[in-house]
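Starting from two chains that each stand alone, build the complex the way the hints lay out.
So the protein lines, in turn, are chains A and B.
Residue numbers for the first sequence, in the numbering used here: 0 to 417.
Residue numbers for the second sequence, in the numbering used here: 705 to 834.
Hints listed in this document are in silico derivations from the structure and should not be mistaken for laboratory results.
Errors might be hidden in some of the hints.
Below, a list of computed lysine to aspartate or glutamate pairs in the EDC-like style, where the Cα atoms sit at most 20 Å apart [as the list claims (entries may be wrong)]:
(1) B:K832 - A:E379
(2) B:K789 - A:E293
(3) B:K783 - A:D82
(4) B:K823 - A:E286
(5) B:K789 - A:E286
(6) B:K783 - A:E379
(7) A:K415 - B:E826
(8) B:K827 - A:E379
(9) B:K827 - A:E63
(10) A:K54 - B:E826
(11) A:K272 - B:E745
(12) B:K823 - A:E379
(13) B:K789 - A:D290
(14) B:K832 - A:D82
(15) B:K789 - A:E203
Covered by chain B, according to a simulated footprint, are these stretches of chain A (three or more residues, beta-carbon under 8 Å) [stated by the list, open to error]:
(16) 67-75
(17) 200-212
(18) 252-264
(19) 363-377
(20) 408-416
Where a beta carbon is used, it is the ideal one built from N, C-alpha and C, also for glycine.
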Amino acid sequence: MNDNLNKNSMRVNNRRNFLKKSVLGVVGSVWSSELVYALPAGYVPLGLHPVDNDKEALKGKSPEMVVLNDRPWNVEAPAHLLDDAVTPAEKMFIRNNGIVPETIDSKNWTLTIKGESVKATKTYTLEELKKRFKVHTYQLTLECGGNGRAGYFPSTSGNQWTQGGISCAEWTGVQLKDILADAGIKDDAVYIGYYGKDIHPSREPGKVVISRGVPIKKALEDETLIAWAMNGKDIPVVHGFPLRLVIGGWPASVSGKWLHTIAVRNKVHDGPKMTGKSYKVPIEPVEPGVDPPEDQFRIIESMPVKSLITYPQTGAMLELGKTLKLRGHAWAGDLEVKKLEVSIDFGATWQKAQLQAPKNRLAWQHWTADVQFPRKGYYEVWARATDSQGVSQPMVMPQWNPEGYINNSCHRIAVKIV
Amino acid sequence: MKYLLILSAFVLLGSVAFTTRIPAEATTGRVWADSVKKDPETGLAVDSNLPLIKAHCTACHSSKLITQNKFTRTGWVDKIRWMQKYHKLWDLGPSEVAVLDYLEKYYGPSKQTFDGRRKPLEKPSWYKLR
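The shape of chain B in the complex, shown without the other chains (with noise of 0.2 Å):
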């Protein structure tokens, strides 16, 4: 119960406290499915468990250390542990497997295979060369 009291409480003082941050839009150029709403806040996937992400990770860092990456389920634990090791992360007692769902379900691997010694170079917009 007081975990549970704390947890609401890092959601609502988040909100007061960080308001200085600037919007973290989505920046990353990650191919997502249209249907996937993004908080205006932080750019994450609008999700039941996104107030969960904000008390927990967001609290710290910035967002984009999570939109820039897709990681395993074992790869975001590995991310966690790794926080918890050199950052301070608190144990994220139950939460944690929640907070992996979601990372799973978003900030996974690509699921179009790419098997090449090099991506293809990125469309450009086109311009006249004066």
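Same shape as in the complex, but just chain A (with noise of 0.2 Å):
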């Protein structure tokens, strides 16, 4: 498997590489139109690989997704394609940080468990992982650590999302915690950290695009799983098949996609993503604009309260004197949403919804709410969810930090009455 995906790695080449050698190679002749001839032997233009793994991320999406960046690709959900109550693999948001892998050989596929804190370096088969350990379900809640990072003024760096970097599908694997204990853990364990076989965008082969993780008492909650399936089937490409790394209610860049190997750290992990501002907050709050030193800053762990109005679609206009029945979700990362209310009128008065329990633990709550309006004119209608702990969304901005992370302020629609 890692011959044949650093084989098809050095055949696409580094860029940059190729195209500084062509370039030396045909110095004298560079103007000339025969440059394409010019390719070094073996290479294989993008567009003519068979498959394109990263080509065709978009292949099965929802033509109502939105393209924040396709290099590598950030696609988002409009509010409103949000509406399922399993969020289908169509309308889930993409957020990657390097290239789909071009060969995927699902058949010798493995994960090995290694690291300062592991007994053993021990590795399993797919099928192993499948036959050896109790398979489980989750519906687990997934959301970029950005998610609303458009809204934070004076803007910050990174893919400009709205709301729609949010999904909740259901997951099928193993629990990683029935693996460690198979593998045998030391009692120096802090932190896990995943690798998988996305290519780096400088197309450096070996290079680890991305590679996070979480603390040893995450790791081994009964929802973290090392999932094969997602809403009964394989998972798609573009979503980490064959296996990912699926850890709900924290940033979803600590799962990891097409998993190979689990590290088990005596210290905090230090993949790439993990140092440096990345995925964290100052750990003072800061005055907008102001950017604090790296060793200010804490890693985000569980994500905040949060929900959305996923009907209607913001810009419905309804007749007067009808009820518009508004529905939704309500998530608060680690912990549960224990009240959901609604505000057509800019929080001066709330109206409280009707809020179901979780499936399971770390998946989000759909809520329903049916609102009158007293007279004719435009309305926005807001939603407002609050957790376990009393800890409520903002309607203003919440905390401004240097990177745009964990933007949790109410979601809000237009509604014009007629």
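If you want it as structure tokens, here you go:
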């Protein structure tokens, strides 16, 4: 598998190296139209690959999905598209950091458990995982840490997610804790970190794109899965086929795709995007626009309480006297949502919605509310969730942070009564 | 001289080798003066420095990474340094000034000030709810 992948990576080559090499080789004929024939032997232009998994990323996706970035793929769902109780693949956001693996050999796929705090390195085939451990299914909320970034002012760097970097699908696999118990971990285990087979944007073979993780306590929770199925089918390629670490309630970047290795660490994992300011916020709150040094940041753990209005789509015009039947979802990271309220007067008054219990821990919760409007005119419907510790979503923007993470301000839609 | 040749070839090769990428039409919803012409291939502002941007920036990443953002000149310098540190971006040499001129001109901070605690809701497309 590794050999195959490497061969393919080599074939496509590092684009920059390729360019530099070719240029140096044909420096005299740079402007010649024959330049196209100066491609190195074995180089296959991207479009000529039999299957280009990265190019196929949007295959099967709803045409209403919004592409924020196509290299790497960052694609979000408009709020109304997230109306399903369980998010189907075609409406699930994509946040890739690198290029989708070019060859995926699911038959020979393995998972290796290694690291300072594992008793002995152990490798399991995908088939072994399926046969040897008890299989579990959970609905798990995965939200991009940068979801809502577009709302921050001053604007912050990165993909400008609005509300759609969120999903709650049904994941099937085995509990990581069962695998770690089988492999044997030492008492000094602090953190786990994943490794996947995505390709670095620089195309340098073997360069790790992203390798994040969670403290061992979170890793050993029942709901932390090594999953091979999503909504009862193979995980779609762009979402991590054939194996993915799935950890609900935390920034979705801890749910590593195309998973091949879990490292059990005796310190906080230090893979790419665990360090610097990635997925971190200042320890002490800062004035908007202030960007403190790296050592004054902390890693984001549980995501904050949040909710969406998924019906109706913003812009609904309704006749006076008719009842508007609102619905949506609410979630609260590691916690549960205990209250959902809606307001049609910018928070002056709030009306309690019907809120369902989650299907399981770390699944989002569905809510409905019937709303009537006093007179014709323009309204905004706002939704506000409160978690089990009494913490609510802010109506204004939450604490500004330099990387634009964890914006959980209330979602709202425009409604006109005619 | 060698530097310039390499650069020119980047531009040329860029158009040959990367034609498989999807066209990045202006989808970012930025308020732009109508007079700014956009390159149909990348959605980037047309300018005499655009070839430099194609050579140094979009040869490796999506133009959307530029069009989505608004940074000060210093902010863009930080991005370049970060890519040089983590993503093998080369030394831009004498082109860096021109690249920064371009980025600052078209993708600088919004001139329109906003000091509220929440941006207004975007105007929706109104539709009749059945």
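Verification of the hints:
With a CA separation close to 16 Å, the supplied pair K832 (chain B) and E379 (chain A) stays within the 20 Å bound. For a cut-off of 20 Å, the pair hint linking K789 (chain B) to E293 (chain A) stands: about 15 Å separates their Cα positions. At roughly 37 Å between alpha-carbon atoms, K783 (chain B) and D82 (chain A) are farther apart than 20 Å, so this suggested pair is violated. With a CA separation close to 18 Å, the supplied pair K823 (chain B) and E286 (chain A) stays within the 20 Å bound.
A threshold of 20 Å between alpha carbons decides the hint, and for K789 (chain B) with E286 (chain A) the separation of about 27 Å lies outside it, so the pair is violated. Note on K783 (chain B) and E379 (chain A): the hinted pairing is violated, with a Cα-Cα distance of about 38 Å set against a maximum of 20 Å. Between K415 (chain A) and E826 (chain B) the alpha-carbon distance is near 14 Å, which keeps this suggested pair within the 20 Å criterion. Pair hint K827 (chain B) plus E379 (chain A) holds up; C-alpha atoms about 11 Å apart against a cutoff of 20 Å.
Between K827 (chain B) and E63 (chain A) the CA atoms are separated by roughly 18 Å; this keeps the pair inside 20 Å, and the hint holds. Restraint check for K54 (chain A) and E826 (chain B): not satisfied, since their Cα atoms lie roughly 31 Å apart, outside the 20 Å limit. Restraint check for K272 (chain A) and E745 (chain B): the C-alpha separation of about 31 Å exceeds 20 Å, so the hint is violated. As the CA atoms of K823 (chain B) and E379 (chain A) are separated by approximately 14 Å, the hinted pair is consistent with the 20 Å bound.
A distance of roughly 19 Å separates the Cα atoms of K789 (chain B) and D290 (chain A); the hinted pair therefore holds under the 20 Å criterion. A distance of roughly 19 Å separates the Cα atoms of K832 (chain B) and D82 (chain A); the hinted pair therefore holds under the 20 Å criterion. Pair hint K789 (chain B) plus E203 (chain A) holds up; C-alpha atoms about 14 Å apart against a cutoff of 20 Å. Evaluation of the coverage hint for the region 67-75 of chain A: fulfilled, as 5 residues show C-beta separations to chain B shorter than 8 Å, against a requirement of three.
With 3 residues carrying a beta carbon less than 8 Å from a beta carbon of chain B, the region 200-212 of chain A meets the three-residue requirement, and the given coverage holds. Beta-carbon proximity to chain B at under 8 Å applies to 0 residues in the region 252-264 of chain A; the threshold of 3 is not reached and the given coverage is violated. Coverage of the region 363-377 of chain A by chain B is violated. Counting CB-CB distances below 8 Å, 0 residues qualify, and the rule asks for three or more. Counting residues of the region 408-416 of chain A whose beta carbon lies closer than 8 Å to any beta carbon of chain B gives 5, which meets the minimum of three for the stated coverage.
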